[in-house]
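Can you make the complete structure from the sequences, with help from the hints?
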Amino acid sequence: MFLLIGVLIGLVLGLTGAGGSVFAVPLLILLGGMSVNGAVGLSLGAVAISALYGSFRSWHSDLVLWPPTIILAVTGALVAPLGKWLGNQLPDTLLLVSFNVLTLIIAVRMWRDAQRNPEHANVVRASKAEHRRPEMLCMLSPTGQFELKPRCISGLAIGGALVGLLSGVFGVGGGFLIIPLLLFLSRISMVQAVSISLLIITLISSSGFISHWLFSEQAGTPMDWSLLGWLALGGVGGMVVGQQISHHIANARLQQVFAVGLVVLALVALASTLIR
Numbered sequence: 178m179f180l181l182i183g184v185l186i187g188l189v190l191g192l193t194g195a196g197g198s199v200f201a202v203p204l205l206i207l208l209g210g211m212s213v214n215g216a217v218g219l220s221l222g223a224v225a226i227s228a229l230y231g232s233f234r235s236w237h238s239d240l241v242l243w244p245p246t247i248i249l250a251v252t253g254a255l256v257a258p259l260g261k262w263l264g265n266q267l268p269d270t271l272l273l274v275s276f277n278v279l280t281l282i283i284a285v286r287m288w289r290d291a292q293r294n295p296e297h298a299n300v301v302r303a304s305k306a307e308h309r310r311p312e313m314l315c316m317l318s319p320t321g322q323f324e325l326k327p328r329c330i331s332g333l334a335i336g337g338a339l340v341g342l343l344s345g346v347f348g349v350g351g352g353f354l355i356i357p358l359l360l361f362l363s364r365i366s367m368v369q370a371v372s373i374s375l376l377i378i379t380l381i382s383s384s385g386f387i388s389h390w391l392f393s394e395q396a397g398t399p400m401d402w403s404l405l406g407w408l409a410l411g412g413v414g415g416m417v418v419g420q421q422i423s424h425h426i427a428n429a430r431l432q433q434v435f436a437v438g439l440v441v442l443a444l445v446a447l448a449s450t451l452i453r
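Residue numbers (the working numbering): 178 to 453.
There could be a bad hint or two in this list.
Cβ-Cβ distance ranges computed for the label pairs, FRET-style [claimed, not checked]:
(1) Phe361 to Asp401: 38 to 46 Å
(2) Leu271 to Gln292: 19 to 27 Å
(3) Thr398 to Ile452: 19 to 27 Å
Treat the hints as calculated values from the structure; they're not laboratory data.
Please read these numbers as outputs of a predicted model, since none were measured by experiment.
Every residue gets a Cβ at the ideal spot worked out from N, C-alpha and C, and that includes glycine.
Here it is as structure tokens:
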């Protein structure tokens with residue numbers, strides 16, 4: 178069952194471009210029979226491993242702009258443990274209700290983006306699409322060198338901290354925030370934005386997962402590493418399949434279908450938890 182859940186997570190992550198990892202928590206609650214906090218921890222681990230696999234293809238390419246990547250990743254990774262601590266202080270019901278609010282925001286954004294920018298839905302995490310390196314609004318000097326201006330640094334740092342906090346609390350990767358932030362601060366291409374987001378998600382989710390593991394050890398509830406292994410194996414497998422089929426089926430309509438499915442899945446998970 179955990180292998181199947183991992184495959185579904187990997188497929189959604191590969192086909193939607195952003196927000197796919199938010200499927201992990203309700204799937205783990207409904208099909209895996211886990212508590213909310215347990216689902217958040219495993220979700221972070223599986224998302225980190227799946228995103229790491231997805232980022233291999235862009236690691237040495239000119240798709241990745243390292244200064245914004247490092248700023249976002251470091252600030253997010255530093256704040257993620259705080260988010261995990263905050264999540265541990267919340268009752269499961271309140272945590273799940275808050276998660277559903279976040280899910281609704283993500284789903285609405287996916288739906289609206291599919292309507293307003295349908296071309297973005299064709300650029301997914303597994304994409305091999307060609308790109309050109311456009312001029313950026315605030316991050317390149319007249320000589321073409323990256324310039325760390327105060328407003329850009331502060332915007333990236335605040336964005337990274339918010340992503341890290343949400344990642345730690347809810348077990349989400351944060352691509353639904355990282356990509357719009359990068360596109361808002363600079364005129365980079367969509368392909369660059371999703372490539373950068375994968376590296377950031379890898380580091381932030383890893384930080385949140387390590388925090389969850391340490392909290393679990395201290396609480397006397399050690400993590401079941403075999404479950405994470407099956408989940409991660411399925412996640413990478415789903416990403417591989419997504420990589421092969423994304424160019425044929427990734428489009429705005431598919432993104433809208435995922436948005437509706439995300440809302441339904443989260444509401445069913447909430448109802449299931451409340452009924453218990």
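Whether the CB-CB distance between Leu271 and Gln292 falls inside 19 to 27 Å: Hint violated: Cβ distance 32 Å, outside 19 to 27 Å.
Satisfaction of the hinted span 38 to 46 Å by the C-beta atoms belonging to Phe361 and Asp401: holds (40 Å)
CB-CB spacing for Ile452 and Thr398 relative to the 19 to 27 Å hint: holds (24 Å)
Checked against the numbered hints above, the structure breaks only hint 2 and satisfies the rest.
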